[in-house]
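Going down the list, the protein sequences come from chains A and B.
Numbering-wise (the working numbering), the first sequence opens with residue 79 and increments by one.
Numbering-wise (the working numbering), the second sequence opens with residue 79 and increments by one.
Read the hints as simulated data drawn from the structure, not as lab findings.
Heads up, a few of these hints could be off.
Since the list gives no way to pick out one identical chain from another, each pair is judged satisfied if it fits inside one copy or across any two copies.
[To be verified] In silico DSS-like links for lysine-lysine, alpha-carbon gap of 27 Å or less:
hint, residue 1, residue 2
1, Lys430, Lys365
2, Lys288, Lys430
3, Lys119, Lys103
4, Lys288, Lys394
5, Lys103, Lys288
2 protein chains.
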Amino acid sequence: MHSIMPSARLRPSPYYASTIAEGVKSFTTYNHMLMPTGYGKPEEEYWRIINGVSMWDVAVERQIQLLGPDAGRLAQILSPRDLTKCVEGQGKYVALCNHAGTLINDPILLKLADDKYWLSIADSNILFWARAIAAERGLDVAVSEPDVSPLAVQGPKAEDVVASLFGDWVRALKYFWFSETDIEGIPVAVARSGWSKQGGFELYLMDGFKGDALWNLVKEAGRPFDIGPGNPNACERIESGLLSWGGDTDDETNPFEVRMGAYVDLDVPDDVVGIGALRRIKEEGPKRHQLGALMEGQEPTQIGFYWYDIVKDGVKIGDLTNHVWSHRLEKNIGFALVSADVHPGTDVVIDKDGEAVRASLRALPFI
Amino acid sequence: MHSIMPSARLRPSPYYASTIAEGVKSFTTYNHMLMPTGYGKPEEEYWRIINGVSMWDVAVERQIQLLGPDAGRLAQILSPRDLTKCVEGQGKYVALCNHAGTLINDPILLKLADDKYWLSIADSNILFWARAIAAERGLDVAVSEPDVSPLAVQGPKAEDVVASLFGDWVRALKYFWFSETDIEGIPVAVARSGWSKQGGFELYLMDGFKGDALWNLVKEAGRPFDIGPGNPNACERIESGLLSWGGDTDDETNPFEVRMGAYVDLDVPDDVVGIGALRRIKEEGPKRHQLGALMEGQEPTQIGFYWYDIVKDGVKIGDLTNHVWSHRLEKNIGFALVSADVHPGTDVVIDKDGEAVRASLRALPFI
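From just these sequences and the hints, can you work out the full model?
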């Protein structure tokens, strides 16, 4: 791995000092911020998420706030998912699309009030996007990036940790629902969410000066449960079929291609950005879809920068996007963005820098 | 420095293998790509730019292409600089602003044809932005990111190197002008430009499979001139007063605050994004301006992630943005974004993580 040079273009998170103290070994960049990607014991960190509880600096999940009389209208215009029944305290996974129906982000939308929404975004610039649409349509809404920085607590023991901190009421929170509260003077929204399928919570810290204080509170509360540091885990999320926008998508990917069709309501109003294109794509049928690729071989693949061609009978049928060694399947696995007429069960060859790797395609998730 | 974890969200450049072969030691990320930031001999690399010639992988300067009947109209709508006299083969430095007049990027705009423009962008997502504006206004223009990856040749001997490769005609190119050509089957646009004040060229490679071939051609041509690898140089660019968008600007910075007023023409048409706000800001006077801070002390400062408060008489008057040890001035220097009523010659104190550093403010550039 290479070193990353500091720059004022790249912001550390409010938990930066804590992650350094925990011995963070590597970072990625995401929304112009640094995000920890490992603490030096990758397999131990993986099993902690599967069997225990792990705490993650995910401040890079920036919030794009829509505030004002037209906040709800803008939220709907940006999201081709029917939000009419979304209530305060509820979150929804949405597929932001451009006018061509291309997926440009896949945030959790949180409704804080009738006139206040957050989009908890993946790694693309929705601040500019939402401002452009709001301004061009003359909407009465302020679009900003407020001082909000999530800390995730993930794994089967996460609920016990978060309940011991905030009280048993958190056990009743439904998936993607949240509640604003505070703890020792630290304002947070507690949500049942997180980028793993092991269950857990995200604590949306609302004061960037109190990151280390919140980190330490969670660490203390987690001590009886053997909590440790972790991060969004490439292995767990690929096993679980969770999408990484920008890593598993390209500049032509629409929601139907990446298993997000359930989050597109074709009967939303005509002024929703991209809905016309999405209706056409749905009618014609998307050109690609996303499957899993289970690879032969027992040599763990290295996470890399590149997509690889997926070939059948000498013809390229798609791309292998992110791929990883699966600790549970004990195979290399990855996401395959392939022609819609290629079905699970198909045997293919992956051209990995000239090396031909045999693989079979299957439906997602892997586990 | 920390390690950076590979991910398919972060793309390597077409020159990646060449920079690895040259011994690159660190990277930054920029427009979701990796950019080399050093080859292990920072002072030698600096003096090579000042006195000799240096070659840089700046593929991260992505091009946003506007193509179609309304390309010129969209270029003008996005740029509050009068483009009516811009001709084919000419480039111009422009200040892209949002509807509030905030600077969202500072690209070089290149006019390739009446219906074809490139914006050679800094580190923010102008692809989404330009598409949003084009679609919302119903313009007949395709906005894309084509396969174009600049390689910079910078320093006083750069002209000799580029002339030896392409011919003496390059010596006649005016600043920011360019010409499309090819060399050994590699399509490039040769421009007199680059993010240093030492003179030089950027070779806009138009075939991502030929990065290493172009790298090697330049390296061979540069051998008599003792060319070596380098990168956009934090020291040279701060000495020279060149802006780093996102590092030296924040979410409220307008062009007048960062010495870009000369690139704003207030009499462009009313449909130019942000022009109404820019006229108001100009009339009221911007609240801040950008000066240089010359710091006391002989201990070289480390490039970091943070801005620091600039204080006068106990009151915060602005921020120190990027800062660096100047090899030519033999002082620590940085950019000061301070209240408009603070003038060059003012003595201030910089609060650097609790350490009080005395500095004096002066007009930019430093050299």
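Each hint, compared with the structure:
Taking the shortest Cα distances, lysine 430 and lysine 365 sit within 27 Å of each other inside one copy (24 Å), while across copies they are farther apart (54 Å). In this homomeric assembly, lysine 288 and lysine 430 come within 27 Å of each other (Cα to Cα) only across copies, at 19 Å, whereas the closest approach inside a single copy is 45 Å. Both within a single protomer and between protomers do lysine 119 and lysine 103 lie at most 27 Å apart by alpha-carbon distance, with minima of 9 Å and 24 Å respectively. Proximity of lysine 288 to lysine 394 under the C-alpha cut-off of 27 Å is restricted to the inter-copy arrangement: shortest distance 22 Å between copies versus 51 Å within a copy.
In this homomeric assembly, lysine 103 and lysine 288 come within 27 Å of each other (Cα to Cα) only inside a single copy, at 23 Å, whereas the closest approach across copies is 34 Å.
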